[in-house]
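Work out the full structure: start from the sequences and follow the hints.
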Amino acid sequence: MTAKVRSADVAEGEELKAWQYRVTREDLVAYANASGDQNPIHQNEDFAKQVGLPDVISHGMLTMARIGQYVTDWAGDPASVRRLKTRFTQMVVVPKDTGNTVTVTGKVTKKDGNRVTLELAASVGDTNVGAAEAEVELA
Amino acid sequence: MPLNKDFEGREFPPNDPYTVTAESIREFADAIGDPNPAYRGENAIAPPTYQTKLNFLYGPAMLADPDLGLNYAMVVHGDQEYTYVRPIRAGDALVGKPRIAQIFAKGRNEFLVTEASIETTDGEKIGVARSTIVSRGTAPQEG
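Residue numbers (this note's numbering), protein chains in the order written: chain A, 1 to 139; chain B, 1 to 143.
It cannot be assumed that every hint is accurate.
[As the list claims (entries may be wrong)] Each computed BS3-like pair below joins lysine-lysine, with the alpha-carbon atoms no more than 27 Å apart:
hint, chain 1, residue 1, chain 2, residue 2
1, B, 5, B, 97
2, B, 125, A, 96
3, A, 4, A, 110
4, A, 4, A, 111
5, A, 85, B, 97
6, A, 4, A, 17
7, A, 110, B, 5
8, B, 97, A, 49
9, B, 97, A, 107
10, A, 49, A, 96
11, A, 111, B, 125
To be clear, the hints were calculated from the coordinates, so they are not data collected in a lab.
What follows is the structure, encoded as structure tokens:
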């Protein structure tokens, strides 16, 4: 599988189409089991509140995984990803009944041959929850 | 209680080799909600953050050492960086070779930076995982 986006078709400053995903308590349980991160702050509301958190919070790494999906969906070939970094700027609170919605946006900030750098942001409403950077090697 | 600065620079033993299966890649992709066909089938490659699974294999020996003084309940994830030489594939037998790169305080919080080289058991380098975790409210308080 080759990259879907060709570097020739990408320009610095280009913005990627925004994307949204939902996160629920069920998603956190599934992620805990698949990743091995069983920290109860991601599953147990009483425990989360006992340690001073507002509610159950999402695994930061789930946010990063979804940012990764945003990048690989854009690039086409997941093997093109050379670097992915995410700074978790705020917690993603996941209330029991409603869950939460996260919006991911991105922009091409640098192009060096076929190596393209993306700056990405995940947010809940107006609050940034993840500041990310990715490097992909396009065809 | 503040973290033990003596742990800065310390290397820890790798995890027992973890053999990646196509099944575990599919499970991980399902759990993150990513339907990409590249993550399904016999010759599946892994999503970029699949490496996180290894964290929980090589991490505990380092983070759960009582002398480090880390209270896991007070921990949140500050940042994570993965660099990749190539994607992880079904059939890879992987080890993470971790070290504590840095421990520092900022305000009331402490920051613990870990770094792990991810390699196959044949010594092929797959990438590097770099992580900052935040220990909330444990910084040494002045005067």
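(Q) Tell me the numbers of any earlier hints that the structure contravenes, in ascending order. (A) 2, 7, 8, 9
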